[in-house]
Amino acid sequence: MVESSVISWPLIVWLLPIAGAVAIWACGPLLRRFAGPLACAVIGAAFVGTLALWPAVAAQPAGVHVTMFTWAPGITVGLLVDRLSFIWLTIITGVGFLIHVYAIGYMEGDRAEARFFAYLNFFIFAMLTLVMADNFVFLLVGWGLVGLASFWLIGFWIERPIAVEAARKAFVMNVVGDVGIMLAIFALFATFGSLSYADVFAKAAQGPGPVMTLIALGLLAGACAKSAQLPLHTWLPDAMEGPTPVSALIHAATMVTAGVYLVARCWPIYQHAPGAMETVGVIGALTALAGAVLGVVQWDIKRILAYSTMSQIGYMIMGVGVGAYSAGVLHFYTHAFFKACLFLASGVIIHNLAGEQDVRKMGGLAKRMPVAFWSMLAATCAIIGVPLFSGWVSKDAVVYQTLAHGHPVLWLLGVAAAALTAYYMSRMMWVTFAGSFRGDEHGAHAHGHVPAWVMGLPVALLGAGSVVIGWLNWPHEGFAEFLAPIFGGTDVAPAAAWGGEFLSTQIPLFIALIVGAGIAYLQYGTAGALAQAPARLEREAAAQPAFLVKLYYWNELLDALFVTPARALAALCARIIDPKLIDAVLVRDVATDAGVLGLLFRRWQSGLVRTYALTLLCGAAAIIVYIAVVR
Numbered sequence: 001m002v003e004s005s006v007i008s009w010p011l012i013v014w015l016l017p018i019a020g021a022v023a024i025w026a027c028g029p030l031l032r033r034f035a036g037p038l039a040c041a042v043i044g045a046a047f048v049g050t051l052a053l054w055p056a057v058a059a060q061p062a063g064v065h066v067t068m069f070t071w072a073p074g075i076t077v078g079l080l081v082d083r084l085s086f087i088w089l090t091i092i093t094g095v096g097f098l099i100h101v102y103a104i105g106y107m108e109g110d111r112a113e114a115r116f117f118a119y120l121n122f123f124i125f126a127m128l129t130l131v132m133a134d135n136f137v138f139l140l141v142g143w144g145l146v147g148l149a150s151f152w153l154i155g156f157w158i159e160r161p162i163a164v165e166a167a168r169k170a171f172v173m174n175v176v177g178d179v180g181i182m183l184a185i186f187a188l189f190a191t192f193g194s195l196s197y198a199d200v201f202a203k204a205a206q207g208p209g210p211v212m213t214l215i216a217l218g219l220l221a222g223a224c225a226k227s228a229q230l231p232l233h234t235w236l237p238d239a240m241e242g243p244t245p246v247s248a249l250i251h252a253a254t255m256v257t258a259g260v261y262l263v264a265r266c267w268p269i270y271q272h273a274p275g276a277m278e279t280v281g282v283i284g285a286l287t288a289l290a291g292a293v294l295g296v297v298q299w300d301i302k303r304i305l306a307y308s309t310m311s312q313i314g315y316m317i318m319g320v321g322v323g324a325y326s327a328g329v330l331h332f333y334t335h336a337f338f339k340a341c342l343f344l345a346s347g348v349i350i351h352n353l354a355g356e357q358d359v360r361k362m363g364g365l366a367k368r369m370p371v372a373f374w375s376m377l378a379a380t381c382a383i384i385g386v387p388l389f390s391g392w393v394s395k396d397a398v399v400y401q402t403l404a405h406g407h408p409v410l411w412l413l414g415v416a417a418a419a420l421t422a423y424y425m426s427r428m429m430w431v432t433f434a435g436s437f438r439g440d441e442h443g444a445h446a447h448g449h450v451p452a453w454v455m456g457l458p459v460a461l462l463g464a465g466s467v468v469i470g471w472l473n474w475p476h477e478g479f480a481e482f483l484a485p486i487f488g489g490t491d492v493a494p495a496a497a498w499g500g501e502f503l504s505t506q507i508p509l510f511i512a513l514i515v516g517a518g519i520a521y522l523q524y525g526t527a528g529a530l531a532q533a534p535a536r537l538e539r540e541a542a543a544q545p546a547f548l549v550k551l552y553y554w555n556e557l558l559d560a561l562f563v564t565p566a567r568a569l570a571a572l573c574a575r576i577i578d579p580k581l582i583d584a585v586l587v588r589d590v591a592t593d594a595g596v597l598g599l600l601f602r603r604w605q606s607g608l609v610r611t612y613a614l615t616l617l618c619g620a621a622a623i624i625v626y627i628a629v630v631r
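In terms of the numbering used here, the numbers along the sequence shown are unbroken and rise by one, the last being 631.
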């Protein structure tokens, strides 16, 4: 690891967001309109600092390391910026900066604007802590801070009970995963005597197989919760109750990608826990398909994108689960651009339609909102895998690697999810932008203005990134080669990856793209279909299977297994245990019992010699019995 003057940059990058958050928290009422620009300046400076780390990171495969202090024997706390964490840093600070700029326009006029930007800065700090940690304890600190920040931001509009409930749900679901990570950390320390990445990964091959499997599964539990993978996925759609910039930050640059980072970072552990690694791949593939299926039955534009995130994160988890680490990380990188673009463009639409989110009440918006349309079109082409767009490079690489690593069933699930993604995303575009407007004309005229540059420019830049960012790994595998020192060369694709073998997997994916997008076009894109759109949309909404509308009844199952019993136990405590046991015996009866004991001892203290003689005799007898019997 490099040790030079450049080591100050990790500290600067790490501390800038929390400094901004504290400043805005402390001076929010004084800053007023300047809170947003200050928050943006801080994150922009952090992005510049990240870029300043590039020469050292590129020159030193082991990365840049800063040891801050020793917390306990075997546990030092420091910052690590290697090639893997550097990739996350560029997204967290770069895309995060664009989201901050966008939020200036989106949150303009909100009475708690300063508090919002303080939370955003804190969220960036929390995620930086997670990815820059050099050991598992510090990672757990960042992990918890990310959960806290998401709780604040999802429930930002505290006057809306549904937002508060969504924030609480996200926090609780993530705590379930946190327990798994904590148990894994305990097992790591008991096994290796250290929690440093360097020590643990160097000794991973020496760990007992069953123990390594349990550790890997504990880490997977945390990854599933944070990245909304089956079965801990139900919090993600409800998280849409937060402001749109929050949705973009959670889905694209921060929270839900943390699970992908965790599995990729801990790849030496998974290499020696093949059973757990297989589980990672299966969960990712099933989540990719399940999220795509649920996306088909959504009409709320933000929920459509939420389930697309669940599905796309599934692809990433599937990639790292089959050992294609660089492919999974590449899909994270491209996904950050096109998903942030999709969410921010949807925010432009919602902002200009007086809060309307139902795509069935939109239509004809291409000419009214050209920036949102063209940017969203580019991002949609990326997510559905149109050739030469970024998603085509990354997602198709993940699907190819499942087959190359000998997992044909996972490959088939990936292809099926790709077809469904092409369908529901193309449908969203046709219903939203084509045809005539189906919503409230008064609301559209009142709010349908061209967005300010602070909202339009980030969307346009992210749309452009959705086109070109995948070229980092095409036609030459520069991205995979950059990560090769991190993963020990275990996942580098063969030199002929872009040859016939790769193209043989491209053909089914291209067919899936054509079929999915083609069906959407026939249903919603033709002139005749657009003319019949209002009636057709109503009929289709009524005919959707309840099993899917109810999201596989997963919330109902969790309610039956956990929520209802917990409420019953709480009611029992409130009605019986608390008033009749705690209050009666341990609170009110204490005074009564003290009075009774007082009467007893008062009678004993009578002042009569015979009473004291009897007491002395009883004490002597007790001592004699103790000596004779007990001893």
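The reader is advised that the hints may include incorrect statements.
[Said to hold, decoys possible] Across the chosen pairs, the derived CB separations fall in these ranges:
hint : residue 1 : residue 2 : range
1    : E278      : L11       : 36 to 42 Å
2    : A594      : T564      : 40 to 46 Å
3    : Y626      : R567      : 49 to 55 Å
Quick caveat, the hints were computed from the structure, so don't treat them as lab data. All values reported here derive from a predicted model rather than from experimental measurement. Positions of the beta carbon are idealized from the N, C-alpha and C atoms, including for glycine.
Results of checking the hints against the structure:
1. Taking the beta carbon of each, E278 and L11 are about 40 Å apart, inside 36 to 42 Å as hinted.
2. One distance hint, 40 to 46 Å for the beta-carbon pair A594 and T564, holds here, with the actual separation near 41 Å.
3. Range check, Y626 to R567: about 52 Å between beta-carbon atoms, so the 49 to 55 Å window is met.
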